[in-house]
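Asker: Sequence:
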Amino acid sequence: MTTLRPEQPAPAYVAGHDLLAGKVVVVTAAAGAGIGAAVVRRALEEGAKAVVFSDTHARRLAEAEAALAEEFGADRVRQAVCDVTDEAQVSALLDLADSVGGVDVMVNNAGLGGTASVLEMTDEQWLKVLDITLTGTFRCVRAAGQRFVASGRRGVIVNNASVIGWRAQEGQAHYAAAKAGVMALTRCAAVDLAPHGIRVNAVSPSLAMHPFLAKVTSDELLAELKQREAFGRAAEPWEVANVMVMLASDYASYMTGEVVAVSSQQA
1 MTTLRPEQPA PAYVAGHDLL AGKVVVVTAA AGAGIGAAVV RRALEEGAKA
51 VVFSDTHARR LAEAEAALAE EFGADRVRQA VCDVTDEAQV SALLDLADSV
101 GGVDVMVNNA GLGGTASVLE MTDEQWLKVL DITLTGTFRC VRAAGQRFVA
151 SGRRGVIVNN ASVIGWRAQE GQAHYAAAKA GVMALTRCAA VDLAPHGIRV
201 NAVSPSLAMH PFLAKVTSDE LLAELKQREA FGRAAEPWEV ANVMVMLASD
251 YASYMTGEVV AVSSQQA
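In terms of UniProt numbering, the numbers along the sequence shown are unbroken and rise by one, the last being 267.
It is worth saying that the hints were derived from the structure and are not from the lab. Incorrect hints may appear among the rest.
[Stated by the list, open to error] Label pairs and their calculated CB-CB ranges:
| no. | residue 1 | residue 2 | range |
| --- | --- | --- | --- |
| 1 | Glu70 | Met255 | 30 to 36 Å |
| 2 | Ala33 | Ala12 | 39 to 45 Å |
| 3 | Thr135 | Ser99 | 25 to 31 Å |
| 4 | Val100 | Glu70 | 31 to 37 Å |
| 5 | Gly102 | Ala194 | 17 to 23 Å |
| 6 | Asp86 | Leu119 | 49 to 55 Å |
| 7 | Arg228 | Cys188 | 27 to 33 Å |
| 8 | Glu224 | Asp86 | 20 to 26 Å |
| 9 | Arg59 | Gln227 | 32 to 38 Å |
| 10 | Arg59 | Pro195 | 38 to 44 Å |
| 11 | Ala66 | Gly102 | 23 to 29 Å |
| 12 | Tyr251 | Ala66 | 27 to 33 Å |
| 13 | Leu119 | Arg154 | 35 to 41 Å |
| 14 | Gly197 | Asp18 | 18 to 24 Å |
The C-beta atom is built at its ideal place from N, Cα and C for all residues, glycine as well.
Start from the sequences, fold in the hints, and give me the full structure.
Answerer: In structure tokens form, the structure reads like this:
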């Protein structure tokens, strides 16, 4: 008989402590209500000089910028449409960061999932997930790294991986391969960029609850995924964002090449 895990309540939201004071932070895939949007808010609360955020959805970006500008000040938020499969758009995003002082922290959150058995998965499905989730992260790592080196900044890159990069899940071969690739990219990029004083780390969340996820996932699957977690619940997006901000801050000054699980499912 399976023992159900009691669902532990989420802790209270923690106030900012200026962990990113004076920094320019760039965040991809951040116009919704998930991890990217939570990182934008957290970076602003942690004293970032400016946050430049992107997505592929222009209307949601504009709405998010207007709301954040009203709360935190128009001089601290910028947005741009950016498809991470397009190198020119990635470069333009970092050009926008240059207009407010130049990127100090690059948070690569863009990714695409999907469900399909390897028996039925098409090349198109495979390649689309890999291009956005893995190659898109690579394009952003490369572009930010080049800017850091050119400016002489000891910048920080934080990538969003997933526990699925460590463990098997039905119908997730493309996404799992992409996220495992993000982990390997993180480790190798950290070694390449270390001589320049640049740090590269990643987080590996599992289930971070937000409205879009609830819309596209059945109640039965969500219940099953929650039961895999030690606390019997999904993470709040801001709980993942907290770890990403910590990795971006000077509190993690000696950490590089690490993949930090924000989940009890490391394997």
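Asker: Hint by hint, work out which the structure violates, then give me just those numbers in ascending order.
Answerer: Violated hints: 2, 4, 6, 8 and 13; rest satisfied.
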